[in-house]
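There are 2 protein chains.
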Amino acid sequence: MKLAALGEDRLLAQLLPNLPSNGSVVLGAGDDCAVVEAPGKSKLQLLKTDCVVEGIHFTAKSPPAFVGWKAMARPMSDFAAMSGVPQFALVTMIVPAHKTLDWVKQVYRGLEKAARVFDVTIVGGETSNIKGPAVISVSVTGFVEKHRWVGQSGGKAKDELFVTGRLGGSLRGRHLKFTPRIEESRWLTKHFSIHAMMDLSDGLGADLPRLARASHVGFEVDEVALPLNRGCTTEQAISDGEDYELLFAISPANARALPTRWRKQFSKVPLTRIGRLIPKSKIQNLKWRGYAHFQ
Amino acid sequence: MKLAALGEDRLLAQLLPNLPSNGSVVLGAGDDCAVVEAPGKSKLQLLKTDCVVEGIHFTAKSPPAFVGWKAMARPMSDFAAMSGVPQFALVTMIVPAHKTLDWVKQVYRGLEKAARVFDVTIVGGETSNIKGPAVISVSVTGFVEKHRWVGQSGGKAKDELFVTGRLGGSLRGRHLKFTPRIEESRWLTKHFSIHAMMDLSDGLGADLPRLARASHVGFEVDEVALPLNRGCTTEQAISDGEDYELLFAISPANARALPTRWRKQFSKVPLTRIGRLIPKSKIQNLKWRGYAHFQ
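Taken in order, these protein sequences are the chains called F and S. For the first sequence, my numbering gives the first residue as 520, with consecutive numbering after it. For the second sequence, my numbering gives the first residue as 520, with consecutive numbering after it.
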């Protein structure tokens, strides 16, 4: 069935009744705003929006359930980057009339699956027509305990740099199926003092300089140490992007016990020391420009 | 300057440093998530997302500052519908490479103006490319005191129905410049007990049946009483849509003092009694179908 034959009310009625809810949702999708219980004063509220665009972040041939998964997983990866807990999501589906109802339902299935896996409730759903590519925009709110949030700007010279997972080659398929590192991130801030952290969405070569710049330091990378996905070169690991792995900075003293404890906790997700933060210098600036080239 | 010549970092650097902030913002746009103080436990959190799409909600010829105003004002109108206070906004601009930097900046100017007027802080800004029409998606979070929030479902038979402002003809230009009725809505719930409320985005003929359905009641409208914009017919007032005026239900006893007090408070915004809610009946169902026709 083509969307052109359905009004927005009927489309939303098809999509929304299946949404799971939870105890903090006073009023979910359907009224003017979603209404949820406010987080307590010992927590900070986190907000993030992101979108996936047909022809940019997925293609007309991408399996729609994976498109939905990716649309939800991207903002969640930013929650992981801050060691936050995502709670509520708002979804806007902007879809041309020639798409089928089945396509939209499959996308929603992917959105819901990612939401369920990470204990997030979809509390709002909007749809709009477009004479062009489909767009799925997802906004997520949640919280982080005041003493646990990690930004990009807290890195210090001499901190060691680690990345989770492996890098490169994401566009061969992993970019539609990746797992936001929320569990890993929450474990890290529970047991260690993490100075700075971010998720790698644009590639290490673009993202690490951002973390260094935000922290007012330079960096050195041991390129030989980079954890590569199968069949990938070092250059691909640096520049491909869409890895959605965590990059973080931790003091050398704090880092000592990390690899062993990590392996015990997450036997299937590698953790690799890839370099360190250093004082700003001219050498670092040259290096930085070298990386910028890969963008 | 065409966007194609700018990367996302440089585009965001052009857009974001001008954003105003306020005391509750711990970390605004630029890091992985926005971080804000959590609202207290006596309040409920409200969340709303909405979008405007080129070719649907505005045209390539619409003044971009008005496009930005409309993109921000639409979700705010939903806050008005719930008597909520909007606080934080996340903006996603999805823009084809042939648009100019000036166009994007003007859109942002409109977004910022609407945010400033209603005391909202833009805490996140994403951009994406698209091979198609521009899309601006805005998510807003805020709060409402637990005893003041108004949904669509609280209407009771015999309640009187009021609308603010005038209806019809919005597409001649008002749809780009409307004022979300937040001030009016906050005043209403401060001084009166409002049973049900919504903002009129799809037209009275589509929206009033929604409120009635949510409240499990029917409705009668005195069509002669409808407040018409200049040059509009009754049919236009019922079916044009994009009025962004408030429709609300209030008990007859509570309604008695309302018109006089309203005129004292809001001398420039008309308030009109347009009908009442009634028990569900066959007559009402016919009427409902009659309205549905106008959609």
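Please note: incorrect hints may appear among the correct ones.
Intra- or inter-copy, both count: the list cannot distinguish identical chains.
[Unchecked claim] Here are the computed lysine-lysine pairs in the DSS-like style, where the Cα-Cα straight-line distance is at most 27 Å:
| hint | residue 1 | residue 2 |
| --- | --- | --- |
| 1 | LYS521 | LYS632 |
| 2 | LYS787 | LYS618 |
| 3 | LYS618 | LYS521 |
| 4 | LYS709 | LYS787 |
| 5 | LYS696 | LYS562 |
| 6 | LYS783 | LYS677 |
Keep in mind the hints are simulated off the structure, nothing from the lab. Small disclaimer: the values here were computed from a predicted structure and weren't measured.
Handout entry: 27 Å Cα threshold - placement of LYS787 relative to LYS709
Key = within (20 Å within a copy, 56 Å between copies)
Practice task
Could you place LYS618 and LYS521 in one of the four classes (within, between, both, neither) given a Cα distance threshold of 27 Å?
Solution key: within (6 Å within a copy, 31 Å between copies)
Handout entry: Identical-chain pair category, LYS521 with LYS632, by Cα at 27 Å
Key = For LYS521 and LYS632, the Cα distance is within 27 Å only inside one copy (24 Å; across copies 39 Å).
Practice task
Could you place LYS696 and LYS562 in one of the four classes (within, between, both, neither) given a Cα distance threshold of 27 Å?
Solution key: For LYS696 and LYS562, neither the intra-copy (30 Å) nor the inter-copy (37 Å) Cα distance is at most 27 Å.
Problem - Up to 27 Å CA-CA - LYS618 versus LYS787, copy category - result: neither (38 Å within a copy, 45 Å between copies)
Practice task
Please work out whether the CA atoms of LYS783 and LYS677 approach to 27 Å or closer within one copy, between two copies, in both situations, or in neither?
Solution key: within (26 Å within a copy, 66 Å between copies)
Hint compliance for this structure: hints 2 and 5 are broken, all remaining hints hold.
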